[in-house]
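Undergrad: Sequence:
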Amino acid sequence: MQENFIKIRAKLILGIIYFVLVIPLMYSIYYSVPASDDFAMALGRDAYGNPVAEFFKAVGFFWNNRGGTIIWFIIEFLLNPLNLHIHLGHAYGIYMIVAFLLCFGVILYSVSTVFNYFLKNIEKAKLISSVITFLTAVMLIQNYYYVEAYNWYVGMVAYPMGLAGLFLVLAYLIRYSQTGNKKFLIALTIIGVIVANNTPFDVPIGIIFLYVVFLRKGFNNHIPVFIKRYIPLICFMASGLAAVTAPGNSARQGQYTEPVPLSNSLIQTFADVKYFGMLIIKERPVTFIIAAVLVIIGFAANTKAHKKPENIITLAIASFLVCFGTVLPYVYGRGMTRTYLDVRMQYVLDYFIQISICFGCFVLGQWIGYIVKTNLEKLGYIAACAVAVLGACALIVTGRYATTVSYEVYAKCAEIKASYDLWNGILLEIEQSDSDDVVVNRDYNIHWNKYFLYSGMEPGEVYAVDLDAFYDSQQILPNVYYKKNSITVNYPR
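Heads up, the sequence shown is in this note's numbering, so the first residue is 12 and it goes up one at a time.
If you are wondering where the hints come from, they were derived from the structure by calculation, not from laboratory data.
A couple of the hints might just be wrong.
Said to hold, decoys possible - Straight-line alpha carbon distances no greater than 25 Å define the calculated DMTMM-like cross-link-like pairs of lysine to aspartate or glutamate that follow:
#, residue 1, residue 2
1, LYS461, ASP432
2, LYS22, GLU134
3, LYS495, GLU134
4, LYS18, GLU388
5, LYS228, GLU134
To be verified - Label-pair ranges, simulated between beta-carbon atoms:
#, residue 1, residue 2, range
6, ILE105, PHE67, 37 to 45 Å
7, GLU469, ASN496, 14 to 22 Å
8, PHE66, SER446, 23 to 31 Å
9, SER446, TYR351, 35 to 43 Å
10, HIS317, ILE24, 45 to 53 Å
11, ALA282, ASN75, 28 to 36 Å
12, ILE328, PHE299, 19 to 27 Å
13, LEU113, TYR421, 20 to 28 Å
14, LYS315, ILE34, 32 to 40 Å
15, LEU89, LYS193, 23 to 31 Å
16, GLY229, LYS68, 45 to 53 Å
This structure is a prediction, so every number in the text was calculated from the model and none was measured.
Where is the CB? At the ideal position from N, CA and C, for every residue including glycine.
With these hints in hand, go ahead and build the complete structure from the sequences.
TA: Right, here's the structure in full:
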């Protein structure tokens, strides 16, 4: 009974620490307002008679004009909180907080599953896995803030939800390899088909599947027949091809730029992965501290067991291919010729890079522990704690703590709230106006910061798209949402 009490207390403490970790993000997300595509992808246009007829018309329109990620278009339409066509205020932020917590929780569950696999047959595996999963969470949270993924409904569906699904497929692949339970195989196939329909995850999900099937013999033991073994991958490929070959891809590509040769896109993608990878390593001190701690913990965990670790070379190659494969469709589709990623796309790449660093550093530590034929377990854990404490002190002494997300949100909390008050007031005034041609005037603006995502209405721009339109070149239809003929918002730039 005492042992159960200790476990419950440990879980409670860990839960409190996690809550403290995500509070800054929850604060920022709470002050969210609808942005750009949120308006455009809300059902309820009078011209179509009813939402059902409009939904099917919209799906066809997006397939032909916006791309082939049809499953994700459906999700975005059906779950859009703006389908209520009322001003939501902070309810919108609460909705997004729930979405963030669910997606982040799934990612951490999957990361923990992988770490548990690395730690199989090692004492205190669950405790060690809990600690290193938390360290991974710190790295993901504190390095950068991805406002387009956290505060934007359409961005959340397309990126965090897709990324969570991808990592859940990875977790279920491992669980199936360990247990042979068919529920994991069925679940990963269904989830994988949905994930593969989203172009940033089409290549990564194939690489992850092949990595596990080729190198994890447990998976092959449960499905010995070669053809049957690859049925999930065939389903993923079919879903991905449906997304890639849709006529809307060509139509959308033409909106961005002139087509560029694939060879140029390959070179540019390599440059992007290199640039953002080095940015994470060199300019974000949290990464270096956690990486060092993970190496030491990996060493300590294996210095006693001396279990042969994962092949770090194949792990590194697979990680690079995942990062490369997620960026290539974006770069090629938009004809990018310079190193730049939208924040929502940087979110996906950064998460892949950071989680790969965490996996790689831990496995590296395991290899050191495997090679060193001396039991230094206790010394290793003491050293890991010392490095963590010294690293935190170094952040404080050098002032680099100011680069962490938690501190920046704290420093900008007044600006975040003021930005919300400004735009919440604008949207509320639009909704409550008796005029069909609404003009909103503000004689002030709030200084921009990366922790608030603005609605996207430019000063002096008239939004007056026909009520039966699904999407326009401005990618925002607030007049459709608020059922106005036109909307004009004037404020200083």
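Undergrad: Please go over all the hints and tell whether each is borne out by the structure.
TA: For each hint, the structure was consulted:
{"no.": "1", "hint": "LYS461 / ASP432", "result": "holds, 16 Å"}
{"no.": "2", "hint": "LYS22 / GLU134", "result": "holds, 19 Å"}
{"no.": "3", "hint": "LYS495 / GLU134", "result": "violated, 65 Å"}
{"no.": "4", "hint": "LYS18 / GLU388", "result": "holds, 22 Å"}
{"no.": "5", "hint": "LYS228 / GLU134", "result": "holds, 23 Å"}
{"no.": "6", "hint": "ILE105 / PHE67: 37 to 45 Å", "result": "violated, 30 Å"}
{"no.": "7", "hint": "GLU469 / ASN496: 14 to 22 Å", "result": "holds, 19 Å"}
{"no.": "8", "hint": "PHE66 / SER446: 23 to 31 Å", "result": "holds, 30 Å"}
{"no.": "9", "hint": "SER446 / TYR351: 35 to 43 Å", "result": "holds, 40 Å"}
{"no.": "10", "hint": "HIS317 / ILE24: 45 to 53 Å", "result": "violated, 31 Å"}
{"no.": "11", "hint": "ALA282 / ASN75: 28 to 36 Å", "result": "holds, 33 Å"}
{"no.": "12", "hint": "ILE328 / PHE299: 19 to 27 Å", "result": "holds, 23 Å"}
{"no.": "13", "hint": "LEU113 / TYR421: 20 to 28 Å", "result": "holds, 25 Å"}
{"no.": "14", "hint": "LYS315 / ILE34: 32 to 40 Å", "result": "holds, 37 Å"}
{"no.": "15", "hint": "LEU89 / LYS193: 23 to 31 Å", "result": "holds, 29 Å"}
{"no.": "16", "hint": "GLY229 / LYS68: 45 to 53 Å", "result": "holds, 47 Å"}
Hints 3, 6 and 10 from the list above are not met by this structure, while the remaining hints are.
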